[in-house]
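Engineer: So you can see what is in the structure, the chains are spelled out below.
Number of protein chains: 2
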Amino acid sequence: MLLSQDAYKSRAQSTAAILKRNEPVVYDELMTSSAPALNTAQRDVYRENGFLMLPDLFSADEVTGLYDEMQQMRGDFTATGRAEVIAEPGSGEVRSIFDVHKLNALFANLVRDPRVLNVAREILGSEVYIHQSRINYKPGFTGKEFYWHSDFETWHTEDGMPAMRALSCSILLTDNSDLNGPLMLIPGSHRHFISCLGETPEDNYKKSLKKQEAGVPDDFLLRYLSDLGGIKSCTGKAGSVVFFDCNTMHGSNGNITPYPRSNLFFVYNSVENQLQAPTDGLAPRPGYIAVRDDVNALEPEPFVMA
Amino acid sequence: MLLSQDAYKSRAQSTAAILKRNEPVVYDELMTSSAPALNTAQRDVYRENGFLMLPDLFSADEVTGLYDEMQQMRGDFTATGRAEVIAEPGSGEVRSIFDVHKLNALFANLVRDPRVLNVAREILGSEVYIHQSRINYKPGFTGKEFYWHSDFETWHTEDGMPAMRALSCSILLTDNSDLNGPLMLIPGSHRHFISCLGETPEDNYKKSLKKQEAGVPDDFLLRYLSDLGGIKSCTGKAGSVVFFDCNTMHGSNGNITPYPRSNLFFVYNSVENQLQAPTDGLAPRPGYIAVRDDVNALEPEPFVMA
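Line order of the protein sequences matches chains A and B. By numbering that gives the first Met the number 0, the letter at position 183 of the first sequence is numbered 182, and the numbering carries on one by one without gaps. By numbering that gives the first Met the number 0, the letter at position 33 of the second sequence is numbered 32, and the numbering carries on one by one without gaps.
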């Protein structure tokens, strides 16, 4: 990919910029032979806003099982020094664990569940694979903010993801209220590419997963997008699921309440949108952040709690 | 005040503790000769929850004038190096300006306005004076959290305030939404004194106004209070006012939205509750944080925007 042909060049200019999105948000091809996972109204909401919440997609029993598994993983992985484990700035508590769909059998099954997988296949109009998976714990009392960003800006620049044909699926494993730092999204922001200032430091991911410093959108453009589309927080009960486009601007405030805000994130990427070389001669990020070696189409298989 | 007689000893024990409140929350004596500022239902809400919100107490014109004045002060005081100006950790933006009722004529008038002053006089059942005043800017994008605390815990320990007979009046100068880090309070927490661990470092206020490290309540007790009373955020339009008891546990999350959450705070203390020596032989904090030299009863005088 030559820079001169790059429609989504970022971190290379002397000024921030706002660029038009080229790709569709929702593809027309339906990949599922059975009843579609989304109805027309839901597809329209996703196309318009760049995200969609499906309340109570997982049952209370499933949530209990998944939550326990997540806590078990947290215990098992604390103080292992593994690269997949990211600590909160300050408190050192576990902030995120990456690659959970490879590290854990239950989550490996979950990414194939038709309730989530088929939504991804329908929206992206193709077979899909997991580009990245993680748990974000956001602990009570000490959970820190995630600043505004477009995932695609990073995945394009640092991972060489060619086009906006990926989405995140966030499964709420605790209740997400207005108070404990819920995901905030800017409706409509997915239609604009915000090109950011600044060069990417070497091994940027080692810092950026705690606190983003490259790929940070400009204040003026954030204000513009927010004034245009508003800001919507994704609050809901555990078991609800939010799907959002790879280019939807999002972030979340910190959490001083005693109640953790813990969510699973699966990033589905179209098999037709596989990673190329990162821009600007950057070294590819490790496989636990950006999968390159396992890009076969996921086969739907209903998730069954053991 | 001897420690052995101190009903609200804090930062001196080897374990955190929860103690019963001794003083009334709302006093029976009505200090106003004219129509009372609060009706019975409002007094009951304040007594029960430890706080009360009065929506739209100030008009849109008054809000505009006060907001402009606040911004003017911010500009005038940035980079002056004055002690009253507290910077945000990290960004260095103005987080708070203290003593605004002495530094600014408009705010000096505002503290006497019957709409706020008479509420304080009625609840505290006596004449009152200003113990502390400040603007909290909480800027957009970079506004950091204020961690949970009881004001009284600090004012008692560091300022020698004898009893729980003071309140804060917070005038919203921007809209406070669920998204921009609104004040959160724990209903009912004002009935319990949370004695905190740890000794007070010398000149603690120099750090604690940015980030509190002494007087931090225990996680377990915060969880207990929250489970008992819930957590309520004080959202509302600019011009609304929140009154809360000096011992109501409160805090706020950070603010990454583009929209600042700026509020005025006036702390009214009963003239019968004047400061004594701080506990543990601490030096008194400076007058811009804890007034000792101007404790005459405030005379009500309607606020008129110039």
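A hint or two may mislead.
Copies of the same chain look alike in the list, so a pair counts if it fits in one copy or across any two.
[As the list claims (entries may be wrong)] Calculated pairs, SDA-like style, for lysine to any residue (alpha carbon to alpha carbon, straight line, at most 25 Å):
hint: 1; residue 1: 236; residue 2: 219
hint: 2; residue 1: 210; residue 2: 138
hint: 3; residue 1: 8; residue 2: 173
hint: 4; residue 1: 231; residue 2: 294
hint: 5; residue 1: 206; residue 2: 141
hint: 6; residue 1: 210; residue 2: 250
hint: 7; residue 1: 210; residue 2: 104
Honestly, the hints are just simulated from the structure, not real lab data.
Engineer: Which earlier hints turn out false for this structure, listed by number in ascending order?
Structural biologist: 3, 4, 7
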